[in-house]
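Engineer: Counting in UniProt numbering, the sequence shown runs from 1 upward without gaps.
There could be a bad hint or two in this list.
Claimed, not checked - Restraint-style ranges between C-beta atoms, simulated for each label pair:
#	residue 1	residue 2	range
1	LYS33	ASP183	38 to 44 Å
2	ASP146	ASN39	43 to 49 Å
3	ASP181	THR108	23 to 29 Å
4	ASP111	SER54	17 to 23 Å
5	ASP26	ASP87	31 to 37 Å
6	GLY190	THR103	19 to 25 Å
7	ARG198	ARG92	32 to 38 Å
8	ASN39	MET89	27 to 33 Å
9	GLU45	ASP134	23 to 29 Å
10	HIS189	VAL90	41 to 47 Å
11	ASN121	ARG196	27 to 33 Å
Derived from the structure by calculation, the hints contain no laboratory data.
Even for Gly, the Cβ is constructed at its ideal location relative to N, Cα and C.
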Amino acid sequence: MFYAYFRINEESGETMTALLTMTDIDYRVGERKILTKINLRLEKESNLMVVGPSGSGKSTILQIMARMISPSAGQMTFDDHDAFTYDPMVYRRRVSYCFQQPTLFGKTVADNLNFPFEIRNQSVNEARQHELLDQVNLSPDYLSHDITGLSGGERQRVALIRNLVFVPDILLLDEVTTGLDTDNKAIVHGLVDHYRDRGGTVVWITHDESEIAAADDLYEVVAGKHTQEVRHA
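Let the sequences and hints guide you as you build the complete structure.
Structural biologist: What follows is the structure, given as structure tokens:
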């Protein structure tokens, strides 16, 4: 059995079903409690910011959302079904996690942007790759660039567009702009805005005040517990 979460759209009066919910989620490592009774609802096309002090459990929440780890107790639904009944590969194509420290593999940028096609047994669509590179101000010849020669900002941009070759339902961003300069932050923000314009749903962890101000909702976590939720007007 799982719970269905609903909210009434104040403008239209229509009932909105949450895209993802977490109900009474606990997470422990041995006897240490990392999260306690986390309850959260994420609506389609929303922009949710998870905030709180370092070490409060924010990344753990995103890792559970991404099914990188399993909760010790509680329930999570995705698209109105128990999230843990989905095939892991299917789920991770629909809920995509982006790390603070970008993880690239292979030798070239092409190796990374080919991968989403390869795991789906599809032919590489170079036009799609070029489109995404253009969105992050990288030219098509970057496909042949060795990843070891990329700057930190370029690595993060490549990692992000790799996650967006096939558009996921939810994009989880774990402090992806930390350490980036102003120009690279602006490029990342533009990419996320474009994803949202296409109907995407975003969950951020950030300490950046401009990103926090742009959120639809703030979900604050302190010492592994939810303290308050603020819905912006």
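Engineer: Are the hints correct? Go through all of them and say.
Structural biologist: Comparing the hints with the structure gives:
no., hint, result
1, LYS33 / ASP183: 38 to 44 Å, "holds, 41 Å"
2, ASP146 / ASN39: 43 to 49 Å, "holds, 46 Å"
3, ASP181 / THR108: 23 to 29 Å, "holds, 24 Å"
4, ASP111 / SER54: 17 to 23 Å, "violated, 33 Å"
5, ASP26 / ASP87: 31 to 37 Å, "violated, 25 Å"
6, GLY190 / THR103: 19 to 25 Å, "holds, 22 Å"
7, ARG198 / ARG92: 32 to 38 Å, "violated, 19 Å"
8, ASN39 / MET89: 27 to 33 Å, "holds, 28 Å"
9, GLU45 / ASP134: 23 to 29 Å, "holds, 24 Å"
10, HIS189 / VAL90: 41 to 47 Å, "violated, 29 Å"
11, ASN121 / ARG196: 27 to 33 Å, "holds, 29 Å"
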